[in-house]
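Here is how the chains run, residue by residue.
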Amino acid sequence: MTTVTGVRGRRAAYKWWWGWVTTVDHKRIGVLYGVSAIAFLLVGGIEALVIRLQLARPEQGVVSPDTYNQLFTMHGTTMIFLAIMPLSASLFNFIVPLLIGARDVAFPRLNAFSYWMFAMGGVFLNSSWFLGGAPNAGWFGYANLTSKAYNPGFGIDFWVLGLLLLGIASLAAAFNFVITIINLRAPGMTFMRMPVFAWMTLVTSILMVLAFPVITVALVELLFDRKFGTNFFVPAAGADLVLWQHLFWIFGHPEVYILILPAMGVISEVLPTFSRKPLFGYPVMVISGIAIAFMGFSVWAHHMFTVGLGPVANSVFALGTMTIAVPTGVKVFNWIGTMWGGSVRFQTPMLFAVGFIAMFIIGGLSGVMHAIAPSDAQQQDTYFVVAHLHYVLFGGSIFALFAGIYYWFPKITGRMLSEKLGKVHFWIMLVGFNLTFFPMHFLGLEGMPRRIYTYSQGQGWDLWNMVSTVGAFTMALAILMFLLNAVRSWRKGEQAPDDPWDGRTLEWSIPSPPPTYNFIAIPTVHSRDAFWEQKYPQGGEISTGIRGDAGGRHIAGGTAHTALGQGKEEGHPGVHMPSPSYWPLVVAAGITLGAYGLLYSLLLAVTGLAVTLVGIYSWSFEPAVKQPKGKLGKDKKE
Amino acid sequence: MEHVAPIPHAAETSTGLPSRKLLIWAFLGSECMFFGSLIATYLVYQGKSLIGPFPKDVLDIPVTSVSTFVLLTSSLGMVLAYAGITRGDVWAFRRWILLTALLGITFLGFQAFEFYHFANPVYENGELIRQGLTPRTNLFGSTFFTLTGFHGAHVTVGVIWLLSLFAYSFRGDLTREGALNVDLAALYWHFVDIVWVVIFPVVYLIGVQP
Numbered sequence: 001m002t003t004v005t006g007v008r009g010r011r012a013a014y015k016w017w018w019g020w021v022t023t024v025d026h027k028r029i030g031v032l033y034g035v036s037a038i039a040f041l042l043v044g045g046i047e048a049l050v051i052r053l054q055l056a057r058p059e060q061g062v063v064s065p066d067t068y069n070q071l072f073t074m075h076g077t078t079m080i081f082l083a084i085m086p087l088s089a090s091l092f093n094f095i096v097p098l099l100i101g102a103r104d105v106a107f108p109r110l111n112a113f114s115y116w117m118f119a120m121g122g123v124f125l126n127s128s129w130f131l132g133g134a135p136n137a138g139w140f141g142y143a144n145l146t147s148k149a150y151n152p153g154f155g156i157d158f159w160v161l162g163l164l165l166l167g168i169a170s171l172a173a174a175f176n177f178v179i180t181i182i183n184l185r186a187p188g189m190t191f192m193r194m195p196v197f198a199w200m201t202l203v204t205s206i207l208m209v210l211a212f213p214v215i216t217v218a219l220v221e222l223l224f225d226r227k228f229g230t231n232f233f234v235p236a237a238g239a240d241l242v243l244w245q246h247l248f249w250i251f252g253h254p255e256v257y258i259l260i261l262p263a264m265g266v267i268s269e270v271l272p273t274f275s276r277k278p279l280f281g282y283p284v285m286v287i288s289g290i291a292i293a294f295m296g297f298s299v300w301a302h303h304m305f306t307v308g309l310g311p312v313a314n315s316v317f318a319l320g321t322m323t324i325a326v327p328t329g330v331k332v333f334n335w336i337g338t339m340w341g342g343s344v345r346f347q348t349p350m351l352f353a354v355g356f357i358a359m360f361i362i363g364g365l366s367g368v369m370h371a372i373a374p375s376d377a378q379q380q381d382t383y384f385v386v387a388h389l390h391y392v393l394f395g396g397s398i399f400a401l402f403a404g405i406y407y408w409f410p411k412i413t414g415r416m417l418s419e420k421l422g423k424v425h426f427w428i429m430l431v432g433f434n435l436t437f438f439p440m441h442f443l444g445l446e447g448m449p450r451r452i453y454t455y456s457q458g459q460g461w462d463l464w465n466m467v468s469t470v471g472a473f474t475m476a477l478a479i480l481m482f483l484l485n486a487v488r489s490w491r492k493g494e495q496a497p498d499d500p501w502d503g504r505t506l507e508w509s510i511p512s513p514p515p516t517y518n519f520i521a522i523p524t525v526h527s528r529d530a531f532w533e534q535k536y537p538q539g540g541e542i543s544t545g546i547r548g549d550a551g552g553r554h555i556a557g558g559t560a561h562t563a564l565g566q567g568k569e570e571g572h573p574g575v576h577m578p579s580p581s582y583w584p585l586v587v588a589a590g591i592t593l594g595a596y597g598l599l600y601s602l603l604l605a606v607t608g609l610a611v612t613l614v615g616i617y618s619w620s621f622e623p624a625v626k627q628p629k630g631k632l633g634k635d636k637k638e
Numbered sequence: 001m002e003h004v005a006p007i008p009h010a011a012e013t014s015t016g017l018p019s020r021k022l023l024i025w026a027f028l029g030s031e032c033m034f035f036g037s038l039i040a041t042y043l044v045y046q047g048k049s050l051i052g053p054f055p056k057d058v059l060d061i062p063v064t065s066v067s068t069f070v071l072l073t074s075s076l077g078m079v080l081a082y083a084g085i086t087r088g089d090v091w092a093f094r095r096w097i098l099l100t101a102l103l104g105i106t107f108l109g110f111q112a113f114e115f116y117h118f119a120n121p122v123y124e125n126g127e128l129i130r131q132g133l134t135p136r137t138n139l140f141g142s143t144f145f146t147l148t149g150f151h152g153a154h155v156t157v158g159v160i161w162l163l164s165l166f167a168y169s170f171r172g173d174l175t176r177e178g179a180l181n182v183d184l185a186a187l188y189w190h191f192v193d194i195v196w197v198v199i200f201p202v203v204y205l206i207g208v209q210p
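Protein chains in written order, with the numbering used here: chain A, 1 to 638; chain B, 1 to 210.
Some clues are possibly wrong.
What the hints assert, rightly or not - In silico DSS-like cross-links for lysine-lysine, where the CA-CA straight-line distance does not exceed 30 Å: (1) A:Lys423 with A:Lys535; (2) A:Lys492 with A:Lys420; (3) B:Lys21 with A:Lys227; (4) A:Lys148 with A:Lys227; (5) A:Lys535 with A:Lys420; (6) A:Lys423 with A:Lys492; (7) A:Lys148 with B:Lys48; (8) A:Lys420 with B:Lys21.
Hint data in this document are derived by calculation from the structure and do not stem from the laboratory.
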């Protein structure tokens with residue numbers, strides 16, 4: 001690579017909060033992602049509680065109908081783009097480089113940029129509440145509910161621009177993780193030795209790379225319609241409104257797998273550790289994940305069975321959708337196979353992992369019911385769909401992400417979470433979750449439509465709506481238990497050992513929390529479950545009696561164990577980590593300013609563009625590490 | 001553009017390829033879906049405009065053939081610029097990259113002329129022959145200007161990128177080892193060319209068919 005003397009100096013380190021603002025360390029960015037995502041989870045949760053209050057009894061007037069529309073739109077948008085995706089991104093950031101034996105991601109500054117872009121996009125979207133009203137056309141924003149004629153306020157513009165900003169953030173992160181996983185694996189970490197969470201991160205990132213441009217085009221067309229008077233979604237000019245639905249769901253269905261595949265990856269790490277067995281059928285698990293992602297691109301129209309695409313299209317999409325149940329079922333059986341005959345320890349992460357499997361099966365089964373097009377015609381737009389999607393996204397994704405948080409919290413913070421509070425959190429959440437969402441199956445089958453502001457008495461919906469609301473507040477209690485646990489444990493919890501769970505993968509071979517450079521020496525990997533093989537070189541798995549287990553091949557190559565993360569690395573006397581930078585923040589701020597400018601003033605838009613350009617050029621010509629002494633007098637020691 | 005590997009081990013990557021090169025390929029993969037969606041929108045709305053002007057009323061194949069030739073030729077200049085920098089011949093690089101950028105600017109000039117011409121109504125002997133075509137006029141206008149406009153924006157970004165490399169070379173920093181910087185810009189430039197190779201037949205050649 002070139003030796004470059006940049007136009008601008010670059011410091012080696014900053015102190016305290018400025019250190020967080022300028023950080024390019026994947027671990028700090030992971031923590032930033034996690035804390036922000038939890039904050040947005042609370043915002044989305046409060047919106048859900050208000051919705052449930054409004055629906056608790058018939059003919060309620062807790063909020064106005066218009067506010068209600070804004071609430072369900074923002075609840076969906078927030079939970080998907082600002083809570084679940086960034087929570088996954090948080091674990092990608094913190095854990096994946098550790099899992100593959102890397103010191104950081106491939107593009108640390110791009111990583112910082114993706115965080116700041118996400119944070120500012122989230123703030124931008126939510127600022128609409130105070131600037132004339134939030135978006136109100138549902139998280140899917142069907143045309144032409146969103147057209148200027150029927151929705152003249154700024155709400156939809158905030159939604160369009162907010163999703164574009166968040167799309168930029170997601171794309172930046174996705175590019176980074178694709179390249180990191182392909183290119184920064186430790187020596188010996190072949191693809192088929194990678195932990196499944198790293199695999200699912202790779203698959204999810206590829207999905208994002210391919211799916212987000214499609215929603216970008218849809219949003220840009222909508223933006224042009226609203227700002228410049230184009231005709232993309234104007235039926236009077238001959239436009240076909242179904243085009244929006246196609247573009248949205250060609251993104252939207254892969255998005256479903258962007259939300260669930262990381263969760264499946266987490267589960268595939270937690271279950272083996274707490275069963276003290278290798279993951280059952282590792283290659284099949286990997287291939288199933290790839291198959292789910294691949295098929296996920298060809299089933300989008302199952303969201304459109306009632307549009308009238310015709311029997312042939314509906315049949316093809318119905319069959320395709322049912323086929324996805326096969327690799328998904330394979331995964332479920334392999335998770336059960338992993339636990340089977342293992343020495344299972346039901347600590348909190350394991351409870352959440354098992355809870356995930358059970359809840360996800362319920363959600364998966366109702367999903368197959370939706371795949372049957374004639375049956376779906378009855379369920380479309382009823383609470384049955386709401387029940388289904390919450391079983392896969394809350395019972396699935398969120399339960400699994402909590403499993404991941406409880407599992408990796410000691411590694412991230414260096415403190416143990418309280419087991420007692422954790423178990424209480426799990427049980428309250430499991431009960432609350434099922435109280436909230438199981439009755440929605442009944443409500444849906446009894447014909448209660450989605451997204452209605454209120455309902456009249458005597459339709460048989462009163463009881464289950466009340467039960468559901470009670471359940472929602474039970475879940476809120478569970479989340480409070482988690483927050484209490486997290487804050488208390490982070491401040492004065494028990495010190496975490498390096499390897500609290502007797503883990504199997506590389507992150508447990510280094511201190512908790514890991515040093516900035518992660519590994520003193522980059523480890524050399526000889527097998528799957530590299531750390532376990534190092535700890536128990538004689539094939540220390542518990543004998544399971546299950547033949548054909550992936551573990552059978554683990555012994556191969558297991559003789560040349562070097563102590564992982566220890567010893568001198570030849571030819572690399574010191575470890576140089578990338579220096580901090582504030583330009584990613586400047587670029588993200590410029591783009592966000594530009595977005596406000598598009599709404600409020602041309603001058604602001606031009607300013608935003610200028611800030612963005614200055615940021616991009618300064619970023620490009622910034623030296624990768626700090627300048628030699630003399631150029632910047634104030635530099636502290638490296 | 002990151003000019004120094006930020007990670008000490010980036011030189012020894014798992015694949016042996018520089019991470020930035022993989023990044024640009026992943027980015028271009030994403031761009032395929034972006035332009036794919038724009039082209040799909042164009043095709044879905046092809047022939048659906050309720051009022052004119054229609055494609056056959058405005059599109060001028062000979063003129064756009066010339067601008068197409070100009071853009072495709074620029075890829076040759078890009079290849080020669082890259083060959084120059086890998087040989088260590090900085091002056092060859094400067095010559096060819098400047099020519100490439102100029103050809104790109106010429107293409108943009110054609111496009112600006114085309115947009116201006118389409119947008120204005122045409123009169124002959126004081127008689128209106130056709131109305132102006134703007135993004136607001138009909139579905140053809142919306143899809144045409146959005147698709148070709150985004151392509152033009154990509155060419156603009158490419159021209160700025162090439163000119164930045166040209167200017168950068170005078171600071172003496174763009175050495176032979178820095179050829180990767182040129183390689184990345186070249187991949188982007190060729191991609192933008194290829195998109196036009198799809199747009200030209202789909203929009204222009206098929207568009208003028210009765």
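Each hint, compared with the structure:
1. A:Lys423 with A:Lys535: holds (29 Å)
2. A:Lys492 with A:Lys420: Between Lys492 of chain A and Lys420 of chain A the Cα gap is close to 15 Å, so the pair holds against 30 Å.
3. B:Lys21 with A:Lys227: Not OK: Lys21 of chain B and Lys227 of chain A at ~37 Å, beyond 30 Å, violated.
4. A:Lys148 with A:Lys227: holds (9 Å)
5. A:Lys535 with A:Lys420: holds (29 Å)
6. A:Lys423 with A:Lys492: Satisfied, since the Cα-Cα distance of roughly 19 Å is no more than 30 Å.
7. A:Lys148 with B:Lys48: holds (22 Å)
8. A:Lys420 with B:Lys21: Since the Cα atoms of Lys420 of chain A and Lys21 of chain B sit roughly 49 Å apart, the hinted pair is violated (cutoff 30 Å).
In summary, the numbered hints that this structure violates are 3 and 8.
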